[in-house]
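> Just so you know, the protein sequences line up as chains A and B, in that order. In terms of the numbering used here, the first sequence opens at residue 8 and continues consecutively. In terms of the numbering used here, the second sequence opens at residue 142 and continues consecutively.
Since the hints were derived computationally from the structure, they do not count as laboratory data. The structure presented is a predicted model; accordingly, all values stated were derived computationally and were not measured. One or more of the hints may lead you astray.
[As the list claims (entries may be wrong)] Calculated cross-link-like contacts (lysine to any residue; reagent style SDA-like; alpha-carbon spacing at most 25 Å):
id	chain 1	residue 1	chain 2	residue 2
1	B	Lys193	A	Thr84
2	A	Lys63	A	Gly94
3	B	Lys195	A	Asn37
4	A	Lys11	B	Gln215
5	A	Lys13	B	Pro165
6	A	Lys78	B	Gly169
7	B	Lys223	A	Glu114
8	B	Lys206	A	Arg81
9	A	Lys105	B	Arg175
10	A	Lys13	A	Asp88
11	B	Lys206	A	Asp76
12	B	Lys183	A	Val131
13	A	Lys105	B	Glu211
14	B	Lys220	A	Leu125
15	B	Lys177	B	Pro165
16	A	Lys78	B	Glu211
17	B	Lys177	A	Asn37
[Stated by the list, open to error] Ranges between beta-carbon positions, derived for each pair:
id	chain 1	residue 1	chain 2	residue 2	range
18	B	Pro172	A	Ser9	26 to 32 Å
19	B	Lys206	A	Gly97	30 to 36 Å
20	A	Thr49	B	Gln215	21 to 27 Å
21	A	Arg62	B	Pro172	26 to 32 Å
22	B	Gln215	A	Ser9	41 to 47 Å
23	B	Gly190	A	Asp40	44 to 50 Å
24	A	Ala140	B	Glu180	29 to 35 Å
25	B	Gln215	A	Val127	27 to 33 Å
26	B	Gln207	A	Arg136	34 to 40 Å
27	B	Ser221	A	Ala138	31 to 37 Å
28	B	Gly190	A	Asp14	33 to 39 Å
29	B	Gln174	A	Asp104	36 to 42 Å
[What the hints assert, rightly or not] To give an idea of the interface, some chain A residues facing chain B are shown, with a C-beta separation under 10 Å as derived from the structure:
id	residue
30	His56
31	Ile66
32	Glu80
33	Leu90
34	Tyr91
35	Arg98
36	Gly106
37	Phe110
38	Pro113
39	Ile134
40	Lys137
Each residue gets a CB set at the ideal place from its N, CA and C atoms; glycine is no exception.
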Amino acid sequence: MSEKYKDQVQFLLVYVREAHATDGWQAKANERDRVLLAYAETIEQKEEHATACARKLDIRFPVMVDKMDNKVERDYTGMPDRLYLVGRDGRIAWKGDKGPAGFRPPELEAAIQKELGLPVTIDVEAIRRKAAAKRAQPPPARKPN
Amino acid sequence: MKRSGMLIIGGVAAGIVWAQNPQPAPPGMPPEQRAKYEEYVKRMGDSRGDGKLKAGDPAPDFQLKQLHSERVLQLSQFKSKKPVALVFGSYT
């Protein structure tokens, strides 16, 4: 999407604190994928994590690491992940829901299309209904130990 | 009197616990993960949740250095030029 709209929209990634640090709330999926990072204690460590992330995910737009005071992260309630579109007028044009469940890039694309005055080709309501249905499902049964 | 005093103290204590931890772990979460989740919620504080920012509000300005570059980017530099898609996240 960032490639598709790169001439019309500035994409920026703000790297925030680890959601599933090894010394915090470790996630099984990260253990499986060998993404094992402890909480960064210095800005240099945070930059290393951001570098690894940008490389792995092939991020082609500017990455900015939030400072150790986490101010930008707090101002935008950016944990664990979230999307926004800021309009040309400097105001919030669209705010995505809290990730990971609320991190839905197609909704951002719809907001971009609207902001640029293009025909909106994405059915946001259908995406939201599908996400709500998924949330309402009972969690999968746990395997006995 | 003694009993009602105890009740008040108990109520205040429960209120303090709730205020410090307004989001207990979901009921289905395995017990071994529960404490870690609750510690995570506490650590992240105001960075989680829905926040107060909403569509139509002025976007809080910030200035951060671009990774692997000497360039410093400020959100407001794009005002009147281009919309900005902000992606918040981490590797984990």
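> State for each hint whether it applies.
Outcome of the hint check:
1. Lys193/B to Thr84/A: holds (9 Å)
2. Lys63/A to Gly94/A: violated (29 Å)
3. Lys195/B to Asn37/A: violated (32 Å)
4. Lys11/A to Gln215/B: holds (23 Å)
5. Lys13/A to Pro165/B: violated (41 Å)
6. Lys78/A to Gly169/B: violated (32 Å)
7. Lys223/B to Glu114/A: Judged against 25 Å, a Cα distance of about 19 Å means the pair holds.
8. Lys206/B to Arg81/A: Judged against 25 Å, a Cα distance of about 18 Å means the pair holds.
9. Lys105/A to Arg175/B: holds (20 Å)
10. Lys13/A to Asp88/A: With Cα atoms ~21 Å apart, lysine 13/A and aspartate 88/A stay inside 25 Å; holds.
11. Lys206/B to Asp76/A: Within the cut-off at roughly 14 Å; holds.
12. Lys183/B to Val131/A: Violated - the C-alpha atoms of valine 131/A and lysine 183/B are around 33 Å apart, more than 25 Å.
13. Lys105/A to Glu211/B: violated (31 Å)
14. Lys220/B to Leu125/A: Since the Cα atoms of lysine 220/B and leucine 125/A sit roughly 20 Å apart, the hinted pair holds (cutoff 25 Å).
15. Lys177/B to Pro165/B: At roughly 11 Å apart (the allowed maximum being 25 Å), proline 165/B and lysine 177/B satisfy the hint.
16. Lys78/A to Glu211/B: holds (21 Å)
17. Lys177/B to Asn37/A: At roughly 16 Å apart (the allowed maximum being 25 Å), asparagine 37/A and lysine 177/B satisfy the hint.
18. Pro172/B to Ser9/A: 26 to 32 Å: Distance hint for proline 172/B, serine 9/A is violated at roughly 41 Å.
19. Lys206/B to Gly97/A: 30 to 36 Å: violated (21 Å)
20. Thr49/A to Gln215/B: 21 to 27 Å: holds (24 Å)
21. Arg62/A to Pro172/B: 26 to 32 Å: violated (37 Å)
22. Gln215/B to Ser9/A: 41 to 47 Å: violated (20 Å)
23. Gly190/B to Asp40/A: 44 to 50 Å: violated (27 Å)
24. Ala140/A to Glu180/B: 29 to 35 Å: 31 Å Cβ-Cβ, so the 29 to 35 Å window holds.
25. Gln215/B to Val127/A: 27 to 33 Å: holds (30 Å)
26. Gln207/B to Arg136/A: 34 to 40 Å: At 38 Å between Cβs, range holds.
27. Ser221/B to Ala138/A: 31 to 37 Å: holds (34 Å)
28. Gly190/B to Asp14/A: 33 to 39 Å: holds (35 Å)
29. Gln174/B to Asp104/A: 36 to 42 Å: Violated - the Cβ-Cβ distance for glutamine 174/B and aspartate 104/A, about 23 Å, lies outside 36 to 42 Å.
30. His56: holds (6 Å)
31. Ile66: The hint holds - isoleucine 66/A has a Cβ within 10 Å of chain B, the shortest such distance being about 8 Å.
32. Glu80: At about 5 Å, which falls below the 10 Å cut-off, the nearest Cβ of chain B leaves the hint on glutamate 80/A intact, so it holds.
33. Leu90: holds (6 Å)
34. Tyr91: holds (4 Å)
35. Arg98: holds (6 Å)
36. Gly106: Constraint on glycine 106/A satisfied, holds at 7 Å.
37. Phe110: Constraint on phenylalanine 110/A satisfied, holds at 8 Å.
38. Pro113: Violated, because the Cβ-Cβ distance from proline 113/A to chain B comes to roughly 13 Å (cut-off 10 Å).
39. Ile134: violated (17 Å)
40. Lys137: violated (21 Å)
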